[in-house]
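Number of protein chains: 4
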Amino acid sequence: MSERRVGLWLIGAYGGVGTTTAVGLAALARGLFPPTGLVTTLPQFASVPFDPPAAFTVGGHDVRAGSFAASAEEFRSRSGVFSESLLSAVADDLSAWSKNVQPGVVFKPDDASARLVDRSDVRRAATPRAAVDAIASDLNRFREANRFDQVVVVNCASTEPPGDTSPALQSAAAFDAALNRPDASFPVSALYAVAAIGNGFPYVNLTPSLGASFPAAEELARSRGVPHLGQDAKTGETLLKSVLAPLFARRNLKVLSWVGHNILGNRDGRVLADPHNKASKVKSKDALLAELLGYKPQSLVSIEYVESLDDWKTAWDHVHFEGFLGTKMTLQFTWQGCDSLLAAPLVIDLARLALLSQRRGLSGTVPAAACFFKSPLGCKEHDFGKQFAALEQFLTDR
Amino acid sequence: MSERRVGLWLIGAYGGVGTTTAVGLAALARGLFPPTGLVTTLPQFASVPFDPPAAFTVGGHDVRAGSFAASAEEFRSRSGVFSESLLSAVADDLSAWSKNVQPGVVFKPDDASARLVDRSDVRRAATPRAAVDAIASDLNRFREANRFDQVVVVNCASTEPPGDTSPALQSAAAFDAALNRPDASFPVSALYAVAAIGNGFPYVNLTPSLGASFPAAEELARSRGVPHLGQDAKTGETLLKSVLAPLFARRNLKVLSWVGHNILGNRDGRVLADPHNKASKVKSKDALLAELLGYKPQSLVSIEYVESLDDWKTAWDHVHFEGFLGTKMTLQFTWQGCDSLLAAPLVIDLARLALLSQRRGLSGTVPAAACFFKSPLGCKEHDFGKQFAALEQFLTDR
Amino acid sequence: MSERRVGLWLIGAYGGVGTTTAVGLAALARGLFPPTGLVTTLPQFASVPFDPPAAFTVGGHDVRAGSFAASAEEFRSRSGVFSESLLSAVADDLSAWSKNVQPGVVFKPDDASARLVDRSDVRRAATPRAAVDAIASDLNRFREANRFDQVVVVNCASTEPPGDTSPALQSAAAFDAALNRPDASFPVSALYAVAAIGNGFPYVNLTPSLGASFPAAEELARSRGVPHLGQDAKTGETLLKSVLAPLFARRNLKVLSWVGHNILGNRDGRVLADPHNKASKVKSKDALLAELLGYKPQSLVSIEYVESLDDWKTAWDHVHFEGFLGTKMTLQFTWQGCDSLLAAPLVIDLARLALLSQRRGLSGTVPAAACFFKSPLGCKEHDFGKQFAALEQFLTDR
Amino acid sequence: MSERRVGLWLIGAYGGVGTTTAVGLAALARGLFPPTGLVTTLPQFASVPFDPPAAFTVGGHDVRAGSFAASAEEFRSRSGVFSESLLSAVADDLSAWSKNVQPGVVFKPDDASARLVDRSDVRRAATPRAAVDAIASDLNRFREANRFDQVVVVNCASTEPPGDTSPALQSAAAFDAALNRPDASFPVSALYAVAAIGNGFPYVNLTPSLGASFPAAEELARSRGVPHLGQDAKTGETLLKSVLAPLFARRNLKVLSWVGHNILGNRDGRVLADPHNKASKVKSKDALLAELLGYKPQSLVSIEYVESLDDWKTAWDHVHFEGFLGTKMTLQFTWQGCDSLLAAPLVIDLARLALLSQRRGLSGTVPAAACFFKSPLGCKEHDFGKQFAALEQFLTDR
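Chains as they are written, first to last, in our numbering: chain V, 26 to 423; chain R, 26 to 423; chain A, 26 to 423; chain E, 26 to 423.
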């Protein structure tokens with residue numbers, strides 16, 4: 026197993042999550058830190074044949090110029106995470122991996138990602154198919170140049186606005202036909218997903234963007250025998266909701282209102298400050314309440330860009346509930362987490378899980394991964410405890 | 026079923042929890058409020074043959090003089106719960122039930138409860154056996170006078186200091202022998218428990234006091250075919266710990282420290298202000314962390330008496346944890362709950378569950394009740410999700 | 026002094042603030058409660074000849090039908106403030122005073138208040154002058170019928186959208202001319218203010234609506250010798266800002282961002298849920314930061330309607346600041362106040378202060394009242410400590 | 026002015042505050058950071074002739090071995106403040122200044138500081154006078170070796186237990202006589218203070234230890250013409266109390282209870298974990314409430330050592346108050362500040378202020394410095410706004 030070599034392809038490589046994933050993999054491979062934050066290293070999974078950190082080589086796409094080292098240094102100085110000596114220790118890996126990062130592919134000029142473009146060599150595709158082909162070609166070159174045993178593709182780019190529900194998304198045949206139309210309205214995240222799956226590479230969608238969460242992509246994944254995991258990693262407020270809402274339900278305490286305010290200042294926050302993009306996220310953060318409670322209390326979710334916080338996402342939740350004899354009570358919580366540091370270990374977990382799923386012969390959605398996501402694909406369960414039990418069973422019942 | 030009649034005997038009847046239980050049962054029987062806060066009325070338990078509120082008649086012991094109506098009025102004016110019209114609507118029941126409340130029995134002069142005594146007719150027993158006999162005789166009279174089908178005894182008196190581990194607690198025979206010794210050091214809660222169980226009445230311990238949580242009581246319960254449930258209802262901070270600690274464990278986030286400060290101003294708070302009594306509670310609130318996390322982080326639990334809060338127990342918890350690459354993050358929560366209103370529905374739940382358990386032929390501890398308690402008897406599981414699943418299985422797998 | 030009798034005319038009489046003011050005055054006059062929350066009863070003002078509560082008779086306008094008793098009862102049952110026995114004790118006063126409440130006057134159909142109208146006898150004026158005349162006539166009748174020594178008019182109606190800056194507002198002559206134009210765009214709050222001032226009655230504006238805060242009104246007030254006080258009472262979050270921002274400034278701690286989220290569920294909250302109306306309030310809550318700090322940090326203020334909270338306005342503020350050597354730190358606060366109970370004593374304070382100011386011969390704005398307001402008229406000082414010192418000097422330096 | 030050179034002598038030099046002061050002075054002198062957090066650099070004080078950072082040379086006493094560089098590096102790695110490149114940039118200064126740090130002097134074996142001793146060359150004095158002489162001799166050597174224009178001595182050592190009220194503290198003569206007694210019970214902080222003042226060096230007490238806050242020291246200071254400033258810098262929770270309590274008082278809102286829980290994990294926290302030492306601090310943090318409110322509400326202050334927090338002192342305060350008509354409301358705040366980074370700029374401020382006061386000819390306590398302290402010497406005012414106004418007047422009214 027130790028001679029296995031795998032590729033991890035990050036869409037949005039130089040963002041906070043992508044950069045932290047690269048720094049983290051290099052640090053773990055060198056034994057600089059214990060694997061805190063990685064679910065796949067829990068004792069109960071000790072005998073699961075996951076790929077070790079040292080087996081990974083990182084590459085990716087980004088629409089912005091730069092390097093892992095530059096992003097990491099910017100991140101260090103702004104958010105106060107990473108020490109200068111950590112970045113020195115992993116400098117060689119970051120440098121080598123930056124050479125694997127290709128200019129991103131843009132299809133529609135109004136993509137969220139298109140607005141972030143700051144490198145001249147970004148490829149602007151005339152048709153969706155041209156975009157898919159360019160992406161697929163980059164992925165293949167990464168695999169062949171490195172002779173990887175497997176490659177996994179993870180979308181950690183900025184959030185796109187909610188996707189349309191074009192009929193062309195409903196079947197593989199309709200989708201394939203529409204790929205030739207310059208006026209097709211597919212979000213670019215779907216094109217990346219299809220390129221990965223079409224190549225036979227497992228795909229993970231860490232964001233609320235469309236990715237592979239549409240029937241045509243599922244059909245393609247099943248026909249190619251490729252697993253894909255998504256959607257929208259739960260790292261903070263929503264994660265807490267997924268354990269607290271079941272508590273209220275089981276104690277028959279009636280939630281009257283649940284208000285959640287999120288403030289953050291990283292690039293993700295800046296993209297979400299656009300109400301159009303924010304809509305995807307808010308929907309994903311809010312939907313689980315009704316599922317978990319069995320009724321829909323009044324709820325509010327806001328996400329706001331507060332520059333000074335950088336990556337330190339702070340959430341204040343106010344839960345107003347009614348107990349016995351109509352008595353109103355309150356639970357408030359404040360979550361202060363560094364968003365990229367919470368998400369990056371999940372990228373590693375999900376990459377390992379996706380690679381393992383492919384080796385196990387799974388294709389299409391992987392419901393056992395539900396505990397990682399706000400909007401789990403192929404699974405209606407939102408209770409974190411039950412989701413986690415399903416993961417444990419999936420990984421250990423062999 | 027509707028003609029069944031059951032007795033609910035409350036030790037500490039005129040305290041906040043006992044009084045709210047009486048008000049609540051009367052209000053529910055009249056349909057004045059929906060059964061919010063009662064676990065046993067959840068949809069999934071709809072077909073379980075629990076006794077309806079109207080089947081219950083309340084009695085109890087108290088070392089303080091008074092009446093349910095007076096306690097409820099004091100509680101209303103201090104804590105702002107209950108409306109004056111609610112208390113009018115249930116006045117007849119409260120009045121009738123107050124007649125069933127007998128003066129408490131005190132054994133040792135330094136009992137926590139002994140210090141609360143303010144009625145001249147409290148019985149001071151010369152030996153533990155005299156106390157047990159006096160209690161048992163009150164219980165029997167309650168049953169016979171009302172021709173109940175069943176009687177359940179619930180300890181909702183103030184918390185005692187941690188019990189000793191006298192050898193006499195280790196077996197029914199040794200315990201029985203020691204009952205005759207005037208110098209025996211049994212806490213009075215154990216004498217009430219033994220009186221109930223000896224009478225064949227199921228017993229519930231809502232507090233961290235010793236109650237029936239010792240080998241001799243368990244032996245007695247099994248030999249008499251009596252179920253007993255305990256110990257120390259989880260209603261707020263500890264309840265939250267029992268869902269949040271598993272979250273940190275499953276995400277492999279390392280809890281560095283967990284600090285919990287509780288402030289409250291009811292009689293329970295005044296008793297807990299005595300460091301001797303507080304020790305039981307703090308231990309019960311703190312123990313589960315190491316169980317749930319698999320290691321022991323630094324932890325602090327304080328409980329302090331703040332008179333102005335009355336029954337509004339406020340807890341602030343600060344959880345400091347380490348994520349990926351050594352990054353330290355924080356979760357804080359504030360819980361503002363009305364303690365008696367959170368505990369009283371559990372009294373009703375546990376009374377119904379204890380009565381059902383007896384009808385089902387159970388004896389000794391009832392591990393399926395673990396989700397209600399901080400220190401569940403007969404069960405090592407502290408994860409609320411798993412505890413609740415066990416309750417669901419117990420109640421519905423027939 | 027004791028035989029003096031004064032009238033208090035409340036615009037928006039049946040709202041939470043108006044109703045609480047009426048209940049409070051009646052309760053204070055009966056000695057049912059100490060005057061907690063009233064600034065004018067502080068020891069340092071003991072010798073200031075303010076009118077005692079018993080001197081007041083209440084009247085007012087409202088566009089909704091009802092009575093003080095009905096509003097108070099609704100408020101009691103929803104927000105859990107007031108006891109049933111308090112409302113019984115003041116029932117006679119409430120009943121008598123409700124007879125003094127006249128149907129409101131509406132001018133433009135899109136007024137915020139026009140949308141709340143639910144009584145058929147509301148007067149719809151064809152011109153601004155017709156509205157002013159109708160209001161003035163009601164005020165005069167109130168005074169004459171009761172032979173008051175003085176009458177004070179307080180605007181505690183719902184917030185209007187931000188007013189325009191019509192040239193007609195700039196001088197008394199232009200304003201008077203425009204009063205005849207059916208298409209004039211004056212907000213109704215200005216018409217009430219002008220009616221009061223034109224009658225020679227001091228006027229207080231508790232809200233961010235225009236009221237008397239425009240040059241023509243000031244000119245009129247000075248010419249009639251009438252004082253007026255405003256604008257937008259500070260009762261919670263903004264009050265805290267006005268003591269905390271000076272702290273950061275004086276310690277040379279650099280505020281990087283100040284985020285404030287307000288949630289509330291009363292009628293005021295419902296009106297503010299309209300973004301158009303909310304704009305006035307947010308502006309008023311946000312402006313003082315730059316004044317107090319000397320620079321403008323990033324700031325956010327949200328106000329959101331959360332029905333279950335009723336009158337319990339909850340504010341969460343997150344202040345991110347930089348200390349020595351670039352170190353970022355955080356102050357968070359949560360304010361849980363009952364909005365009407367915080368505002369009503371200020372109505373009484375301001376009414377007493379306005380009546381006293383008139384007796385002292387003041388006219389126009391009263392800068393000494395700045396400590397009561399978010400946007401003090403005639404005063405640029407926002408530091409609460411300095412504002413209060415000015416009030417002390419005004420009241421005691423005689 | 027630019028050629029002036031002054032010495033800053035830090036008692037407890039290698040503690041968090043002392044170390045940060047040294048790093049900060051070196052960084053400011055190099056222009057690496059703006060002077061955020063320094064009160065003396067506010068615009069209104071621009072023309073006050075304070076000594077610039079570049080004029081300062083640092084020395085001090087410590088009972089622990091080490092160096093500024095080692096302390097700073099330990100602080101960096103534990104608390105995450107300071108970057109590695111900042112410490113490189115100031116390394117030369119830190120190295121030079123460490124040479125000026127002398128082994129501390131210990132008098133009684135049960136001193137708080139005596140328990141921290143970890144260097145073999147600490148001087149253990151047989152009599153108080155021997156201690157004073159040893160300290161004075163170190164101070165003089167520092168001044169002479171560097172030909173300073175002035176030297177200021179600042180106590181930033183760990184907190185001592187509350188001092189006794191020995192009659193020998195009451196007059197200079199009695200104190201002088203007692204200095205020869207080996208069994209005298211003076212805390213060592215008083216000996217340092219007397220040594221400094223006896224030498225003619227202004228003295229600042231940043232801690233709640235006795236320092237110069239006793240009549241004999243004041244008498245000595247006046248006779249030598251030396252100003253001294255104290256006591257116990259207010260940097261967080263108490264600072265907030267000193268602006269919030271006046272707010273409640275001025276609005277006539279009745280504080281029912283004020284609970285403050287402080288958790289921190291630095292060396293100061295470890296010393297305070299000793300209940301004996303904590304007593305001084307709690308008293309100092311609690312006393313001002315009654316002064317500011319005019320009555321004494323129930324209050325609790327706890328300080329607890331939570332290792333993982335290092336220097337990040339977190340305070341949760343819960344203020345329960347009563348408003349109009351008996352309505353109970355709540356303000357909670359959470360303060361998350363880095364203690365040494367909050368205190369160090371005040372050391373620089375107070376050193377500059379003490380030096381200026383001496384140049385202005387002041388002797389004894391300096392009431393104008395009250396805004397810096399929890400227990401201001403020579404001043405009864407606790408309202409931060411009024412204290413600050415006094416400082417402004419002192420500095421600018423010339």
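Please note that a few of the clues may not be correct.
Same chains, same label: a pair holds when it works inside one copy or across any pair of copies.
Using 20 Å as the maximum straight-line C-alpha spacing, the simulated EDC-like pairs for lysine to aspartate or glutamate come out as follows [stated by the list, open to error]:
id : residue 1 : residue 2
1  : 321       : 332
2  : 308       : 329
3  : 279       : 332
4  : 279       : 243
5  : 411       : 422
Because the hints were derived from the structure by calculation, they are not lab data. Small disclaimer: the values here were computed from a predicted structure and weren't measured.
Practice problem: Find the hints from earlier in the document that the structure breaks and name them by number, from lowest to highest. | Solution: Violated hint (a single one): 4; every other hint is consistent with the structure.
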